[in-house]
Amino acid sequence: MTADPLPRALAEACAEVRTAGPADAVAGVAPRFVARPGDLAEASRLMTAAASLGLTVVPRGAGTKLAWGDRPESCDLVIDTGRMNRVLEHAAGDLVVRVQAGLGLHRLAAVLAEAGQRLALDPAPLDPAPVAAAGREGLGDGPDARAGTIGGILATGAAGPLRLRYGTPRDLAIGITVVRADGTVAVSGGKVVKNVAGYDLGKLFAGSYGTLGLIAEAVFRLHPLPAAASFVTVDAADTDAAHAAITAAAGSPLAPSAAEIHRPARGAPVSVGILLEGDPDGVAARSARMAELLGAGCAVATDPPGWWERGAAAAADGTVVRIAFWAADLANVVRAVDAAAAAAGLDPVIGGSAAAGVIYAAAGESAAPAAVARFVLDLRTAVGANPSAFADGSPPPSAADLPPSRGSVVVLHAPAGVRAAADVWGPVPAAGLMRAIKDQFDPEHRMAPGRFAGGI
Amino acid sequence: MTAQATRAASGPSRALGALTPRMTQICGADGVLTDPAELATYECDGLTAHRCSPGLVVLPTTAEQVAAVVTACAQAKIPFVARGSGTGLSGGALPRADGVLIVTSRMRRVIAIDRQSRRAIVEPGVTNLAVSKAAEPFGLFYAPDPSSQVVCSVGGNVAENSGGAHCLKHGFTVHHVTGLQVVTPDGQLTWLGDGTGAAPGYDLVGAFIGSEGTLGVVTKIIVKLTTIPEAVTTLLAAFRTMGAGGAAVSAIIGSGILPGAIEMMDALAIEAAEAAVACRYPAGAGAVLIVELDGPATDVARETAAVRAICEREGAYEIRAAHDAAERTAIWTGRKSAFAAVGRISPAYIVQDGVVPRTALSEVLDKIAELSAASGIRVANVFHAGDGNLHPLVLFDDARPGAAAAAEEVSGAILDLCISHGGSITGEHGVGVDKSKYMPKMFGADDLDTMQLVRCAFDPAGLCNPGKIFPAPRLCGEVPGVRREPHPLVASGQIEQF
Chain C
1 MTADPLPRAL AEACAEVRTA GPADAVAGVA PRFVARPGDL AEASRLMTAA
51 ASLGLTVVPR GAGTKLAWGD RPESCDLVID TGRMNRVLEH AAGDLVVRVQ
101 AGLGLHRLAA VLAEAGQRLA LDPAPLDPAP VAAAGREGLG DGPDARAGTI
151 GGILATGAAG PLRLRYGTPR DLAIGITVVR ADGTVAVSGG KVVKNVAGYD
201 LGKLFAGSYG TLGLIAEAVF RLHPLPAAAS FVTVDAADTD AAHAAITAAA
251 GSPLAPSAAE IHRPARGAPV SVGILLEGDP DGVAARSARM AELLGAGCAV
301 ATDPPGWWER GAAAAADGTV VRIAFWAADL ANVVRAVDAA AAAAGLDPVI
351 GGSAAAGVIY AAAGESAAPA AVARFVLDLR TAVGANPSAF ADGSPPPSAA
401 DLPPSRGSVV VLHAPAGVRA AADVWGPVPA AGLMRAIKDQ FDPEHRMAPG
451 RFAGGI
Chain V
1 MTAQATRAAS GPSRALGALT PRMTQICGAD GVLTDPAELA TYECDGLTAH
51 RCSPGLVVLP TTAEQVAAVV TACAQAKIPF VARGSGTGLS GGALPRADGV
101 LIVTSRMRRV IAIDRQSRRA IVEPGVTNLA VSKAAEPFGL FYAPDPSSQV
151 VCSVGGNVAE NSGGAHCLKH GFTVHHVTGL QVVTPDGQLT WLGDGTGAAP
201 GYDLVGAFIG SEGTLGVVTK IIVKLTTIPE AVTTLLAAFR TMGAGGAAVS
251 AIIGSGILPG AIEMMDALAI EAAEAAVACR YPAGAGAVLI VELDGPATDV
301 ARETAAVRAI CEREGAYEIR AAHDAAERTA IWTGRKSAFA AVGRISPAYI
351 VQDGVVPRTA LSEVLDKIAE LSAASGIRVA NVFHAGDGNL HPLVLFDDAR
401 PGAAAAAEEV SGAILDLCIS HGGSITGEHG VGVDKSKYMP KMFGADDLDT
451 MQLVRCAFDP AGLCNPGKIF PAPRLCGEVP GVRREPHPLV ASGQIEQF
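If you read the sequences in order, they're chains C and V. Counting from 1, one number per residue, gives the positions in the first sequence under this note's numbering. Counting from 1, one number per residue, gives the positions in the second sequence under this note's numbering.
Any given hint could turn out to be false.
[Said to hold, decoys possible] No farther apart than 25 Å at their CA atoms in a straight line, the calculated lysine to any residue pairs in the SDA-like style are these: (1) K169/V with G93/C; (2) K169/V with V111/C; (3) K169/V with E444/C; (4) K441/V with A369/V; (5) K367/V with G93/C; (6) K77/V with T24/V; (7) K169/V with G167/C.
[Unchecked claim] According to the in silico footprint, chain C covers these stretches of chain V (three or more CB under 8 Å from chain C): (8) 109 to 115; (9) 194 to 202; (10) 248 to 258.
Rather than coming from a laboratory, the hints here were simulated on the basis of the structure. Note that the Cβ used here is the ideal one computed from N, Cα and C, for glycine as well.
Based on the provided sequences and hints, a complete structural model is requested.
Right, dumping it as structure tokens:
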């Protein structure tokens with residue numbers, strides 16, 4: 001099979017363009033070309049050239065999340081941000097950093113740590129690193145090849161245990177520079193935390209899976225690196241006990257940074273882990289109080305438990321399903337997972353940010369696509385159904401006062417067979433509005449077409 | 001800010017008159033105002049320099065009524081503006097003489113509180129403080145706390161992405177809202193997000209918050225509630241100079257402490273506050289710092305001691321600590337009254353809302369002092385020192401000819417300073433009509449054009465709070481920059497192009 005000749009427009013726009021190889025496939029779709037712009041101007045010329053050639057485009061950082069979402073209907077050109085990997089400006093005195101999208105999360109963390117600061121994001125790493133990322137310049141097969149780049153983390157809204165206290169990428173980003181499908185460069189937000197001038201495009205681009213344009217740069221607000229951290233853990237006998245522990249921890253005045261659960265198999269105890277951070281004396285005092293709150297069997301340690309971050313970490317060919325819900329529904333959600341899993345003949349690992357209302361169910365690579373598809377469907381029906389009791393303290397509101405669903409089930413990472421069989425995204429609120437946004441930003445539907453929710 | 005005459009269109013149109021019976025059907029007779037004297041009471045929000053009597057006022061009580069009102073406006077191609085409590089400081093709720101003003105103050109239900117999930121569902125007319133009051137029995141509060149929180153509405157907070165004194169640590173409205181029911185400009189009632197904060201799809205909640213009422217009318221808000229901190233201490237520290245106060249702020253933040261709030265006032269602002277509310281701040285202060293620390297008790301105790309030590313080291317000559325709620329309120333009273341208080345020492349004033357990186361604060365404050373000295377126009381400074389959000393109060397006597405224009409010039413020069421130092425023209429008050437002319441100084445044409453794509457997606461007909469934020473509206477579907485004839489809106493006389 002002869003290679004696609006490189007279109008002259010692409011080669012003129014970008015110094016590093018080549019034909020794609022097998023390792024460049026995006027969720028099983030083979031692209032024709034891969035381009036690596038070195039800076040914003042080159043990225044803009046590249047997108048303009050792609051537009052003139054009518055090419056479909058998928059942006060790529062470390063490639064750790066290319067298997068997230070639906071497979072794209074078409075992918076002519078992969079735009080790799082690997083050369084755009086610098087810290088542009090670290091204003092330590094202002095607790096602000098401006099970076100290029102191709103910068104690895106751990107590289108950034110190292111730079112910030114030197115100033116005693118951090119970007120409060122800890123998304124779970126992929127294990128092992130995807131084949132394509134290994135050996136890629138600047139990422140190697142080190143932690144960034146697994147954790148991903150800032151651009152990818154922002155584009156997928158990936159977050160970890162710290163989301164309880166610090167939120168997700170969209171909560172921490174205060175400015176963004178994007179390249180639209182037609183090559184136009186646009187900035188929104190800025191370099192200061194307080195800023196309400198104009199619309200916040202960063203919110204739209206966060207979690208947009210590359211479907212609105214290329215994220216080229218982003219500005220984040222930072223936090224002081226805590227001097228000490230402590231993990232208070234306990235194994236709860238069952239779901240209800242875990243729910244009680246999580247509720248107590250999250251509702252306490254002890255200001256936990258994270259409150260996670262982990263259950264390796266149906267019937268196993270549910271491990272509960274609470275992260276406390278801050279000044280060493282304060283952390284010691286709070287840990288003692290937290291241990292008292294959670295009851296007998298607690299352990300206090302400075303290192304995370306072995307299962308920390310495992311919930312969302314997928315084996316390279318496994319399936320990870322993300323479940324979002326109102327935190328009071330935790331026990332019901334776990335029971336719903338068990339019911340749906342049993343009916344489908346699965347026994348997924350369950351874990352995640354229980355207090356923040358986001359947990360993950362991970363099925364191994366051997367799970368049959370049809371079974372996973374059925375699991376997802378059944379689970380989706382159960383999760384978010386408006387409850388008959390609206391937690392303690394209030395009479396239940398009428399249906400008219402509630403959103404149609406108070407939860408969601410999304411297939412994040414999955415092998416090709418599962419993605420083909422399952423409804424990856426499920427129904428989305430305001431899909432019509434989302435399609436209107438897409439039509440405005442990418443009228444020719446060339447940015448990662450078909451990858452996103454609502455058929456976008 | 002020169003007083004603006006009534007807008008282009010000359011009073012309520014016949015089309016509006018034709019709409020009145022339909023509005024009465026929807027909102028009931030006592031939900032529609034047509035009497036000119038009553039309409040005039042809605043002619044401005046907190047930005048009193050811009051006034052325009054609305055063509056018609058409606059006061060719906062349900063989301064369905066709002067949807068029906070907007071549908072009727074959309075069908076008749078009549079513009080509409082939403083208003084909460086009318087405390088906004090950028091003219092976001094400035095009505096249209098040819099349009100309908102939708103006032104949400106009768107939609108005041110706190111619908112439900114879910115303690116374990118730390119969520120509440122509220123209607124847009126609920127005041128900001130009322131949310132915290134309703135949550136208090138559950139040990140929770142609503143964190144974004146604008147100074148106007150006793151009066152301002154949560155719906156308005158959503159429109160402006162309101163912050164307040166505690167937002168450096170606790171975030172703004174966008175960090176505390178996880179779902180919105182809105183009426184889109186074509187009259188559809190729809191939910192954005194689902195209350196989890198992790199709904200699939202584009203973050204339309206995030207796009208809507210801070211859009212200043214230009215993308216639709218919010219009818220229900222799902223808010224995040226926060227656990228009430230175990231301990232709060234409030235310190236008031238007096239310094240001889242602004243420089244010393246600023247150095248203390250830098251040192252506090254540099255030590256790794258993230259205070260709940262850190263506010264600063266200069267001598268002129270203190271003078272005004274004293275005249276208004278007799279707050280009795282330490283005499284002879286060139287600057288006072290209010291620092292609030294919240295969190296677990298042991299941490300707060302340690303941080304309080306550390307902040308005290310830093311203030312002393314930087315030259316604080318008096319430090320007061322609040323020992324109970326009453327003392328805490330007393331310390332805050334001066335700061336919270338500051339805007340209104342300057343009315344005691346000046347017949348008129350302009351409130352600015354610029355932001356600069358915190359590290360540039362002292363340089364910018366020096367430059368503001370230079371501007372003030374050069375122009376002879378007094379500027380009182382009140383600001384959120386922790387995040388660099390300035391509220392310079394430019395004082396003038398509107399009875400003197402030329403004074404208003406001179407004050408406007410100083411005000412604009414201050415915004416230019418903010419932009420040139422890498423900041424923003426608005427930290428929390430919004431752009432509205434007040435600062436739309438500065439948007440092209442902060443953003444390029446491509447930036448503004450891209451932002452307006454969002455507006456085109458939500459409001460292609462351009463009826464939802466038109467004329468706000470962007471100095472030149474984008475015709476949806478047009479290709480910008482390529483133009484052979486005058487812009488259609490220029491040709492029809494609706495706008496001028498500068």
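Next on the checklist: Just to be careful, I want the Cα atoms of K169/V and G167/C compared with a cutoff of 25 Å; is the pair within it?
Outcome noted: holds (13 Å)
Checklist entry - For the pair supplied as a hint, K169/V and E444/C, is the alpha-carbon distance within the 25 Å limit? => result This hinted pair is violated, its Cα atoms lying about 42 Å apart.
Next on the checklist: Closer than 8 Å Cβ to Cβ for three or more residues is the test here. Does the segment 194 to 202 of chain V pass it with chain C?
Outcome noted: Coverage by chain C holds here, the residue count being 9 at a Cβ distance below 8 Å.
Checklist entry - Holds or violated: the segment 248 to 258 of chain V covered by chain C, criterion of 3 or more residues with Cβ-Cβ distance under 8 Å? => result holds (count 6)
Checklist entry - Checking C-beta pairs, does the segment 109 to 115 of chain V have three or more residues closer than 8 Å to chain C? => result holds (count 5)
Item to check | Given hint G93/C paired with K367/V - CA-CA distance at most 25 Å | outcome: holds (20 Å)
Next on the checklist: So if I understand the rule, the pair passes when the alpha-carbon distance is 25 Å or less; does K169/V with V111/C pass?
Outcome noted: Roughly 23 Å between the alpha carbons, so the hint for K169/V and V111/C holds.
Checklist entry - Keeping to a limit of 25 Å between CA atoms, is the pair of K441/V and A369/V held or broken? => result Distance of about 23 Å is within 25 Å: holds.
Checklist entry - Under the criterion that the straight-line Cα-Cα distance not exceed 25 Å, is the pair K169/V, G93/C satisfied? => result holds (16 Å)
Next on the checklist: With the threshold set at 25 Å, check whether the alpha-carbon distance from K77/V to T24/V stays at or below it.
Outcome noted: Holds. K77/V to T24/V sits at ~18 Å (cutoff 25 Å).
In this structure, only the earlier hint numbered 3 is contradicted, and the remaining ones agree with it.
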